[in-house]
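Number of protein chains: 2
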Amino acid sequence: MAVWKEKVKEQLEKDRDNSVRLLQSWVREASVQGQEAGVQELVASKLAEMGFEVDKWVMGGEELLSHPYFVSPRTSFEGSPNVVGVLRGTGGGRSIILNGHVDVVPPGDETQWERDPFSGDVEDGKLYGRGATDMKGGNLAALIAVEALQKLGVKLKGDVIFESVVEEESGGAGTLATILRGYKADAALVPELTQMKIMPKQQGSMWFRLKVIGRSAHGGTRYEGVSAIEKSLAVVQAIGALEKRRNDRITDPLYAKLPIPIPINIGVIEGGKWPSSVADLVKLEGRMGVAPEEEMEDAKREMEEALAGLSAIDPWFADHPVELEWYGARWVPGAVEEEHPLMQALMATFEEVKGEKPVIEASPWGTDGGLLTKLADTPAIVFGPGITQLGHYPNECIELDTVFECAAIYALTLLEWCGYEE
Amino acid sequence: MAVWKEKVKEQLEKDRDNSVRLLQSWVREASVQGQEAGVQELVASKLAEMGFEVDKWVMGGEELLSHPYFVSPRTSFEGSPNVVGVLRGTGGGRSIILNGHVDVVPPGDETQWERDPFSGDVEDGKLYGRGATDMKGGNLAALIAVEALQKLGVKLKGDVIFESVVEEESGGAGTLATILRGYKADAALVPELTQMKIMPKQQGSMWFRLKVIGRSAHGGTRYEGVSAIEKSLAVVQAIGALEKRRNDRITDPLYAKLPIPIPINIGVIEGGKWPSSVADLVKLEGRMGVAPEEEMEDAKREMEEALAGLSAIDPWFADHPVELEWYGARWVPGAVEEEHPLMQALMATFEEVKGEKPVIEASPWGTDGGLLTKLADTPAIVFGPGITQLGHYPNECIELDTVFECAAIYALTLLEWCGYEE
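So the protein lines, in turn, are chains A and B. All residue numbers for the first sequence refer to our numbering, where the first residue is 1 and numbers rise by one. All residue numbers for the second sequence refer to our numbering, where the first residue is 1001 and numbers rise by one.
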């Protein structure tokens, strides 16, 4: 392994400039939802050049749209093709999926960006732009790991399936479509922005919307009404208590360092229409974390019970129950045991390359790994070079050294997992 | 007085059908903001027919727009003329302003209306439509009071100034313009929807906007951020405490029956953009009640102090103070003593017509009376036939019997206040 390490690092270093230019070209494609075609074209042609069989298609159809795990704000995906490349192994080895998404969240307030949000600029060893860290940098690391092995003349025994998917940011419809199309493997790596932490367990999450009811009145006689804003305070507190109960139960050491392993976040509040009127409706929107081994339906039921319990605190809620809706995005949780051979391989090659033991944690957010693990019978581990804190933020960037370090770990892991012809 | 009572009632009864038709024609003009020209034309021609000198003009100009009491969401009032009619007295009597607004709030959700919002339909003694109760019914009562006296051959000694104004619903720019144009009197009656309660004191109110700051983060690691939604709970509670302190001080018996004499109502809340993100900003909008004898600047200062006090409860607010803005509408408070001769006259004639003592209260909301009292040196009393609970609500209506009863009280009060030629 030590020999391979040196060879792989050398090869990656030799191709470094080309690889950085490739990543720049990907980042400069502003692949926000609905506009992924450009970057997918670049990925597909790179895969074809490398000898992958390339499958590029626009997903859709009844099976997808009516699938219980399908969530997306849209039902037509024109302009947003999925791309899967398959590199056949020589046989007798274990197959692997390398799964990464190319959709990026919008840049947000552009005045907070110090450069064009899709510049792809490189400065001080960092490559800048929306999507650099979440997660085109990770995708590149996975791809150049395969390329380095190819250039070194390695023939892997197991198949390598490179999945360049859309729709991760809105709940995973892209990866769901690859599964329905039949893609699965013995295991998967998802190079999300874990900042080189290995995450065998991923928290799931799902969005909810609450409607808190009040009764309108003139603000000057507000005591004749019931303020939905005041009532929503009680709802926020009840959800805080629910979050505490749920997290007190979590003893998994992979969550030991996280202050709140599976947070419930209320991200949006909106209610009332007129300063001088009592608000008769407040809408709350949030995301509920789901533990890696938890069933989403159980988490939903617990939320329902917490809201039903409000009537014991305030009789208003008995006659005016809070309405609960599960809507929008949802990420399926997933868990792979530390004893799994891909975990063992990844931990060993990490130590080989980095000279230190990896940090093993559970992810604080959902990824497409959950779908692979739960639905495709393909145990998925999340591990990538992106900087966790910079995803979704202005001035997103990635450290290029980490990308190449990660690529080396991937390459050695592929050797170990897929096997290779001597 | 008893003789006059019978004569006036008889005259009002004789003209009742015509009066109802006049009110219908006013209500059928959908005089929401910007569309008051139609009803003002009807009012102006009626005033002219009755022998008033009619002044109809579109307000504007630097003096108005830069006046410290000017508030309006607009600066051009094309399509929204003010109308003032002056009926000169024979001399030697006290003058009076009868001030009512013709602007109405929008109908809102029309599906909640059982008939066209501007139908003017009469059924079971009630006249239906937006503005019937707030406050075209009151305006009609004031006008037919004068008309009845005219038809009875009465010549009042004092001038009667009938003001049909715009913009009351957004803070009183219409009445402000009449004052700047020079209209004032020895006292004023404002026939707002007090449901026959006499209100010598009016609460003022003013709108505020608060910005509560947080710090964004991914919802899955929400502990890395600071939720502006959670922080806004503390702000709502601090404002509740401020409201309590302010109301505990109020000992005026005119407020004895109101659970909260001068409420602070938070009517609008809005914050956060994404269910999976920690909200970094919440906006709150509300109205602060101002006691009749209180200076608005003192109330503002008290709000500022309460917000500044938040940093003692939570150090977050020391570095991220809540932003306070006074914006939008504002109604000046006003107070007339019970000993004022117009109060005495009104109370006496009320008892004469109704056979019972009037209920005297302070108004729970602002009216244009505050501007007249404070700025025009014209003590204003608010008293009218409209049904308080129906203003601004679907299926607004007014009881016609009350309109005519109120008109009789006005007529007798005019006799008493302005004096008349024997």
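These are calculated hints, taken from the structure and not from any lab test. What you are looking at is a predicted structure, and each value in this text was computed from that prediction instead of being measured. Do not take every clue at face value.
[Claimed, not checked] What follows is a set of in silico ranges between Cβ atoms, one per label pair, in the way DEER data are often shown:
hint, chain 1, residue 1, chain 2, residue 2, range
1, A, 300, B, 1295, 49 to 59 Å
2, A, 209, B, 1215, 49 to 59 Å
3, B, 1318, A, 10, 47 to 57 Å
4, A, 41, B, 1110, 30 to 40 Å
We put the CB at the ideal spot given by N, CA and C, even for glycine.
Going down the list of hints, with the structure as the test:
Separated by about 54 Å at the C-beta atoms, residue 300 (chain A) and residue 1295 (chain B) satisfy the suggested range of 49 to 59 Å. The hint said 49 to 59 Å for the Cβ distance between residue 209 (chain A) and residue 1215 (chain B), and at roughly 24 Å that hint is violated. Between residue 1318 (chain B) and residue 10 (chain A) the CB atoms are about 55 Å apart, so this pair conforms to the stated range of 47 to 57 Å. Between residue 41 (chain A) and residue 1110 (chain B) the Cβ separation comes to about 50 Å, which falls outside the hinted range of 30 to 40 Å.
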